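Here is what each chain is made of, one letter per residue.
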Amino acid sequence: MPNKVLKLDSKDNVLIALTELRKGEQISFDSQTYTLETDVPAKHKFVTEDLAIGTTVRMYGVVVGKAVEPVRRGGLLTTRNLRHQAEEFHEKTQEVHWTPPDVSRWQKREFLGYRRSDGQVGTRNYWIVVPLVFCENRNIGVLKQAFEEELGFAAPQIYRRQVSELAQLYKDGRAAEIKTHTLTAGAVNPPPSRIFKNVDGIRFLLHEGGCGGTREDSNNLCGLIAGYIHHPNVAGATVLSLGCQHAQIPILRDELRKRNPHLDKPLVIVEQQQSGTELAMLTKAIRDTFLGLMKANECQRTSAPLSSLCLGLKCGGSDGFSGLSANPAIGHTSDIVTALGGRTILSEFPELCGVEQELINRSDRKEVADRFIHLMRNYGARAKAVGSGFEMNPSPGNMRDGLLTDAMKSAGAAKKGGNSPVTAVLDYPEYSTDAGLHLQCTPGNDVECVTAQVGAGANVVLFTTGLGTPTGNPITPVVKLSTNSALAQRMPDIIDIDAGGVISGEKTIEQMGEEVLDLVIQVASGEVRTKAESKGQEDFIPWKRGVSL
Amino acid sequence: MRIDAHQHFWIYNQRDYGWIDEPMASIRRDFLPADLKPELEKNGFHGSVLVQARQTLEETRWLLELAENNPFILGVVGWVDLRSPQLRAELESFAGKPKLVGIRHIVQSEPNDFLLQPDFLRGISLLQEFDLAYDILIYTQHLPMAAEFVGHFPRQHFVLDHLAKPPIKSGAIDDWARGMRELASFPNVFAKVSGLVTEADWSAWKPEDIRPYLDLAFESFGASRLMMGTDWPVCNVAASYTQVVALVKDYLSGHSEEEREAVLGGNAARFWRLKTPDSLTE
Chain P
1 MPNKVLKLDS KDNVLIALTE LRKGEQISFD SQTYTLETDV PAKHKFVTED LAIGTTVRMY
61 GVVVGKAVEP VRRGGLLTTR NLRHQAEEFH EKTQEVHWTP PDVSRWQKRE FLGYRRSDGQ
121 VGTRNYWIVV PLVFCENRNI GVLKQAFEEE LGFAAPQIYR RQVSELAQLY KDGRAAEIKT
181 HTLTAGAVNP PPSRIFKNVD GIRFLLHEGG CGGTREDSNN LCGLIAGYIH HPNVAGATVL
241 SLGCQHAQIP ILRDELRKRN PHLDKPLVIV EQQQSGTELA MLTKAIRDTF LGLMKANECQ
301 RTSAPLSSLC LGLKCGGSDG FSGLSANPAI GHTSDIVTAL GGRTILSEFP ELCGVEQELI
361 NRSDRKEVAD RFIHLMRNYG ARAKAVGSGF EMNPSPGNMR DGLLTDAMKS AGAAKKGGNS
421 PVTAVLDYPE YSTDAGLHLQ CTPGNDVECV TAQVGAGANV VLFTTGLGTP TGNPITPVVK
481 LSTNSALAQR MPDIIDIDAG GVISGEKTIE QMGEEVLDLV IQVASGEVRT KAESKGQEDF
541 IPWKRGVSL
Chain Y
1 MRIDAHQHFW IYNQRDYGWI DEPMASIRRD FLPADLKPEL EKNGFHGSVL VQARQTLEET
61 RWLLELAENN PFILGVVGWV DLRSPQLRAE LESFAGKPKL VGIRHIVQSE PNDFLLQPDF
121 LRGISLLQEF DLAYDILIYT QHLPMAAEFV GHFPRQHFVL DHLAKPPIKS GAIDDWARGM
181 RELASFPNVF AKVSGLVTEA DWSAWKPEDI RPYLDLAFES FGASRLMMGT DWPVCNVAAS
241 YTQVVALVKD YLSGHSEEER EAVLGGNAAR FWRLKTPDSL TE
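Respectively, the protein sequence lines represent chains P and Y.
Taking this note's numbering, I'd label the letters of the first sequence as residues 1 to 549.
Taking this note's numbering, I'd label the letters of the second sequence as residues 1 to 282.
By construction, these hints were calculated from the structure, which means they are not laboratory data.
Predicted, not measured: the structure shown is a model, and the values here were computed from it.
Glycine is no exception: its CB is placed at the ideal position from the N, C-alpha and C atoms.
One or more hints might be untrue.
Unchecked claim - Distance condition first, Cα-Cα at most 30 Å in a straight line; then the derived DSS-like pairs of lysine-lysine:
hint	chain 1	residue 1	chain 2	residue 2
1	P	K258	P	K11
2	Y	K165	P	K535
3	P	K384	P	K92
4	Y	K97	P	K108
5	P	K284	P	K265
Stated by the list, open to error - Covered by chain P, per the in silico footprint, the following chain Y stretches (three or more residues, Cβ under 8 Å):
hint	segment
6	88-100
7	109-118
8	122-129
Claimed, not checked - Quick list of simulated restraints, FRET-style, between CB atoms:
hint	chain 1	residue 1	chain 2	residue 2	range
9	P	G119	Y	P154	21 to 31 Å
10	Y	N112	P	A385	48 to 58 Å
11	Y	Q243	P	E298	25 to 35 Å
12	Y	I11	P	E298	48 to 58 Å
Turn these sequences into a full structure, and let the hints steer you where they fit.
In C-alpha cells form, the structure reads like this:
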C-alpha cells in the first residue's frame, strides 16, 4: 500500500489510518512527524495537534466533533474522548459554480429498458401485489403461494433440503447424528419454466401500516404505494383493501392522480368488506391479476438514453472507508448521470448533519435551499423531541470501524452526492420529476430509505457498504459496492462491485465511478442481475413517522 | 454437420502441463492437428472446437494460429484474464479473430466461492459485448454455486463442460442429479456430453456405468441443449477416440435422427454460430 495515512482537507486536524498502525510508530506526512500514542486500527483517526477539552475536530474540512478529554498530538480519537458536534447552517453563504465532468464518451450510450406510456423507462418488468392495510397481509401470503410456484417465479428452496435431511434423521431414530451430519447445499426442485417470459416476477409486498396510527402515516403509505404503482419498473398492480382502514382507496387514487392523471397500467383493486368472503375476493383478484399479467407480458425492452436513469444513492453498514472510496465513487457516477440529464437521489437526512451548508450553497434556486433547511430542521426537532437526536445515528458497527460521531459519518456520507447542483428537494413520499440531484427526506435506516428512494422513482440503487449488508428491493435492482477489498473477498455472495481499489491506490475515484456506471448500464438492461436479486432480497419497510393509536 | 465440441492440442512440457501426472503418462507427448485429423475423418466428424489447456494469452494466440492453418478447427475457446483491469484491451486484441468463440477459466481448481467474486463476474459481464460464450469447468460440488453464477447473466451463453464431472467411478448420483437439474433450469445453459470416460474406472468402465448419467443429462437439458465432445487427447487415458464417440452414438441410437444430428454437431454449430469448412482436406 503506497500510503499509510490520509488527510482529506488542508483545514483538517486529523489523519486517517489506511492500514493498522502500531503504538510508538513514527508517521511522516506533509513534512511533519507524528509519534503514535497507542495502536491505531485501520479506518481510525489520530490528531495532528494537542487538543484541549472543547477543541473542535475537523475532517473533510468541516467540524465533525469536539474533544471532551485532552488529547495529545498523535493520540487516537475514540468514542470516549470525542463527542458529536456539527456546524450550524443557514441560508446560502456563497454561489457554487459546477464544472460538469466530460461526458462525451457517454452521450451515445444507451440501455435497454421498458418504455412506459408516460415516458418513464423501467429497468425491470414486475407485477406487484400490495395490501392497503396489515389486516390483508395473510391474503397477500395466500396469493403468493398460489402464483409463484405455478407461474415459475418461485426461488429454489436451498434450505428446505437441509431441514428435510434433519427431519429424516429424526424420524429414522438417528437423532444422535444431527449435531455432526454434513448438510448439503443443493436446491430441492428447480423452478418450472416461466409462462410469462417478459415478466421478471410478481412481487408480494408486506407492511405493518395503513391503520392504527396517525393520518400522516396512512396518507404517506398511500403516497408510497402510488409511487410504486407509478414506477416504470411496474407493469401493473393488485391492491388488497379491507374497507374500514385509514388508508382508503380514494386516498390511493388521489395519490395516483397526483403522480399520473393518465395512468393506463392494469390496476386490480379488491376490497374484502365489499366482496364478502375471502374466497369471493381472492377469486376475483386471481382472475383479474392473471389478465393483467398477460398484458404485462407484452412489454419488451427497447433502447433508452441514460437520461432515463434515476439512481438512488445509499450507504449502509458503513465503515471508515465508506467516505474515502465507494461514496465518492458513486458521487462521480451521480455527477455523470446528472450531467447527462438523468436523476439521482441523495437521502438519509440524519446523515447530512454537519454538511448542510455545502448542500444549501449548491441548491440551484432559493426555494430549493429553503425547503431543505425547513425539512432538515423539522426532522431534527422531531428526533430530539423523542429523545434521540441525530447524534445518536451511528451504529455499534459504524463506531467500531472508525465512524465515531454522526457529523463524521455525515461528512463521508454526503460524498455520495458528488458535486452537482441540488435541483429539487423531496419530502417523503413525493415522486421525483426534475433532472438533477435530489435531496430526499428519509431516515438513514437502510430499508426504509431504499423503500422510499424507489417510491420516488429510483430505477437502479447504488448501495455502498463497508461491513456487508445483503439488503435489496422488490422492484428495483440494488447494486452493492464494497468500500474495501477484504469485504468483497469475505462476502462475495452479496457484493456486486469492489471499490477497494481506490484505497489501495490502484484506481482513482473517477475511474471507479465510471466502472460503476458501466455496471449500472448492464444491470439496467437486464444483462446482469445483482446479488441481492439472486438472493431474492425483497426488503420493503414504509417509513412510519408517528405514534401508534 | 458433425462436430467434436471439445478437444485440446499441446506441445508437451513439464512446466506448462504439470497436471498430466504419472497415471496419465500415456498423454505426456505432443498432440497436434495432424494427430486429430485422421480420427475426425474415421468417425465422420467435419470439425472440432479447440479448448484452452494453459491459462495464458499466449495459449489463446497459439490456438487461434492453429485454427487459421487448419480449417477443420471451427472454433476456439481461449483464455483471458477475466479478473484483470486490462480485460477490455485483451478482448479487443482478439477482435479480428472470428474463430475465437468462447472463453474458459479452469474454475475446478479455484477456491469454492470463486464463481461469485465481483471482479470475476465483472469479466464475465464483458463477454456478451464481444460475442463470446463461456465454458464452465467445475466438479459436482460446485453445481449449486454455478446455478447462482449463471443466474446473474440471463442473456450470456454458457456451456457446462463434461457434465460437471459426475462421480461415475463411485456410482454416486443424487447430489449431482439435483445440481444438474437446477443448472438446467436456466435456458441459456448448454452442456457437453464429454469427458465421461475420464470420470469412470479407466481400465474397467462399461457403457452401463455411464448410462444413468446420460439419462439424467437428457432428462434435464434435453437433446436440444446437449453437444458431443471427446475431450481428446485426455480421453486416451481411458478410451480411444473411436470408443468415446461410439459410447454416445450407441446411446443416441434410441433417439430420433433429428435429435442425433443435433447432439452430434447441430447444437454446437448453433450455440457458437460455427461456419462450415468446405472440406476437411484443404
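Among the hints numbered above, which are violated by the structure, and what are their numbers in rising order? When the structure is compared with the hints, numbers 1, 6 and 11 turn out to be violated.
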